[in-house]
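Chain order of the listed sequences is A and B. For reference, each letter of the first sequence is one residue, going 594 to 1039 in the working numbering. For reference, each letter of the second sequence is one residue, going 594 to 1039 in the working numbering.
Hints should not be assumed to be uniformly reliable.
No copy is singled out in the list; a pair is fine if it fits within one copy or between any two copies.
To be verified - Think about it this way: if two alpha-carbon atoms lie no more than 16 Å apart in a straight line, the pair counts; the simulated EDC-like pairs of lysine to aspartate or glutamate are:
| id | residue 1 | residue 2 |
| --- | --- | --- |
| 1 | K725 | D692 |
| 2 | K668 | E785 |
| 3 | K668 | E786 |
| 4 | K939 | E794 |
| 5 | K939 | E812 |
It should be emphasised that the hints constitute simulated quantities derived from the structure, not laboratory data. Remember, predicted model here, so these are calculated numbers, not experimental data.
2 protein chains.
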Amino acid sequence: MATQAQVQHHKHRVVIIGSGFGGLHAAQKLAKVPVEVTLIDRRNHHLFQPLLYQVATGGLSPANIAAPLRRVFRKQSNCVPLLGEVTGIDPEARVVRMDGQEVPYDSLVIAAGAQYQFFGHPEWGEHAIGLKSVEDATAIRRRFLLALETASRCVSSEERRALLTFTIVGAGPTGVEMAGALREISGYMTREEYRGLNPSEVRVLLIEIEGSVLPSYPEKLRYYALRTLQKKGVDVRLDAQVTDIQAGHVKVCGARDEDASEEQILTRTVIWAAGVRANPLGETLAKATGAETGKGGRIRVNKDLSVPGYPDIFVLGDMALFDHDSRGPLPGLAAVAKQQGKFVAKHIARRIEGRPSERFYYRDLGQMATIGRSSAVARIGPFKLTGLTAWLLWLHVHLLELVSFEERILVLIQWTWNYLTWNRSARLITGPSPLPLPPKELHGDK
Amino acid sequence: MATQAQVQHHKHRVVIIGSGFGGLHAAQKLAKVPVEVTLIDRRNHHLFQPLLYQVATGGLSPANIAAPLRRVFRKQSNCVPLLGEVTGIDPEARVVRMDGQEVPYDSLVIAAGAQYQFFGHPEWGEHAIGLKSVEDATAIRRRFLLALETASRCVSSEERRALLTFTIVGAGPTGVEMAGALREISGYMTREEYRGLNPSEVRVLLIEIEGSVLPSYPEKLRYYALRTLQKKGVDVRLDAQVTDIQAGHVKVCGARDEDASEEQILTRTVIWAAGVRANPLGETLAKATGAETGKGGRIRVNKDLSVPGYPDIFVLGDMALFDHDSRGPLPGLAAVAKQQGKFVAKHIARRIEGRPSERFYYRDLGQMATIGRSSAVARIGPFKLTGLTAWLLWLHVHLLELVSFEERILVLIQWTWNYLTWNRSARLITGPSPLPLPPKELHGDK
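So here's chain A without its partners, still in its complex pose (with noise of 0.2 Å):
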């Protein structure tokens, strides 16, 4: 037995590291390849981080947006979820080092994602959140909702509108989706719950270094979104550029003029939408195999999405930098994870069969985003939409999207309540210490 066992050839050993859009699709485009396949991930569920932006704003909780992992990959008998933090990588024994355990691979899929930096300012990540994970949404919603009890009695004029000024840094599709679900939420429940608060005090900044809102949209999407912010009564300041952090305030300077005056805005929340840095997974494995990184530590990738030297390390999604020819790298888009999690599944099964390699291409099927209730821009192809139409596309797009069908019922019965009564029920505030005026957290610089 033992010598028969020794002779058997294992089956391909396929390690995918992150189980967001690029590693989960991997995954699951491996079902039937004959592969053994092993998905680490921090975390125990997929999370789709489109709708994050809700579970901050109360909208929907966040189960509705996470599906278990485990659940996932119950009848796909050749993938097993393993929770677990990678902690190294050995290209030359080819194993994965986790929590002090070794696991083998014969592919590497590395599909760790971006966490947001602070631009060389790591102590603002203190007081500004970002928005990446469930803790991040539900520490949102918990200081946003915080800040409206607090404001509810407070008796200082200036210390009321810190707390009613809610601070957005940067205008991507995050920001701006942000910026218009939270300034309609605020508005709304200032209005209709806070007897004591006077609506026009909220106010809803949204700070963008560039010179326009969704840089990286055609024009005429750019002005509809800029006009839709302004209409709904965003502050949206373009050409801004933050440069300090504190627990009460931050400092905002043009950013084209040279000698430009800082101002000062008081403000009580500040969400974090800017710059992203891949996965610090990135500079381990640059490290270990000599690949370069490129802007925010983004792995230079082959034309398969392989590590230059390793043909049996991949790559993929926000960690990767990828030259599209003349279209430059690519953004770091969940239509972009996808695609490259289902080539590469593809390129290891076209591998073991020993067919030739073959390249990436990204087809691009657009861009989305909302602005508020019935309101968003989308770009199809080469078609422009706006308005309603956008919105209801968006929201036909994302119910698709999601991964489980009971998360599509589910999120579709919430929106509709949700859109009807103007309710967004999941407005908890939990935590280790759920009391207001935590001294610390609001008052950190008094």
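We have chain A; now place chain B onto it with these hints.
What follows is chain B alone, placed relative to chain A:
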């Protein structure tokens, strides 16, 4: 103007502390009474505690059973919910102290509920988790899911058995419902989703100091509940007393046997559903008013729920010790708190009108508890029901009791879905450190 304002009498001010069943129903019942209600709570939501065990086992999301108070009272113009912690009561000055602020009252309703007590062993609270708040429920969920993940790659069979042993202390309704649900979900998950685990290694232990489960229920129902739990595979230990709880084990000995030897059971997850104690605010009140406290720190109240000597201070629910004539002290049930809340509201209205005082009568509607899928026990007045009939009745009653229409619809859909698919989608591991095998948490005593 100033003179006129000074002469004008203010409306009767009612301050309610706690938005559990008692406080919530008191506030709602005061809607049409000419009073000003301030509802103070440490949370911004009313929590439907009877379904908390379903959040702990991943069947429901926290938002499904938590109604934001601002939303609940948005159309009741005489009630303002206030988020804060009451730190003192001054019955002579008639003010409640809260976060350095003073809130004056004409009538005070104290309904701050109970919390778990560990029978003189507060250190057990480091290892055992109660089930009173959203955070408790998500902590249990996290511990349970991490135990399965960790066990799935644990090589030591002793350690694996400790990870797969889930201990519940106390076999009242909460303990029984928790044990039934945990047994079913852990069995399903090890069979279907953790291919590396042996379902027979999972063990759910229910420890009860009395001679039967559900000690306050009629004998027929107690016996049925015990049989059902055992058939489902719950290891029920009656007449058993917990003598120690550590991070890796509990110690149990016979409760009746004088010189019974201690048994040590290896277990990584301990859920506490045994003794409760009135909120410490009870002691504060007792010191301020000289009121008598009884078993579990409850305040002995008059027949109209007022504190002896203070006709304008009322204590109700889990904080009140109310001797119901021959029936003895009323138990800490949602139904008791709810009826007392409504009674106090009517009583305050009568006092304002100068009408004579009445006394509180508890209308005993019955008791019910589920034991996993399709099974429950219920007593409705003198009638006793078991099995599917009782279970359907339980579903019906609990759906109707949920505060908002939206909660009812979403919980109904989620339950139907869970029942048909065995799925429990709200199985998220969240928290400050979402990683498995946290040495402090799981290996604390090694």
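Okay, the hints, checked on the actual structure:
no.	hint	result
1	K725 with D692	neither (23 Å within a copy, 33 Å between copies)
2	K668 with E785	between (47 Å within a copy, 8 Å between copies)
3	K668 with E786	between (46 Å within a copy, 8 Å between copies)
4	K939 with E794	neither (55 Å within a copy, 39 Å between copies)
5	K939 with E812	neither (36 Å within a copy, 63 Å between copies)
Of the numbered hints listed earlier, those contradicted by the structure are 1, 4, 5.
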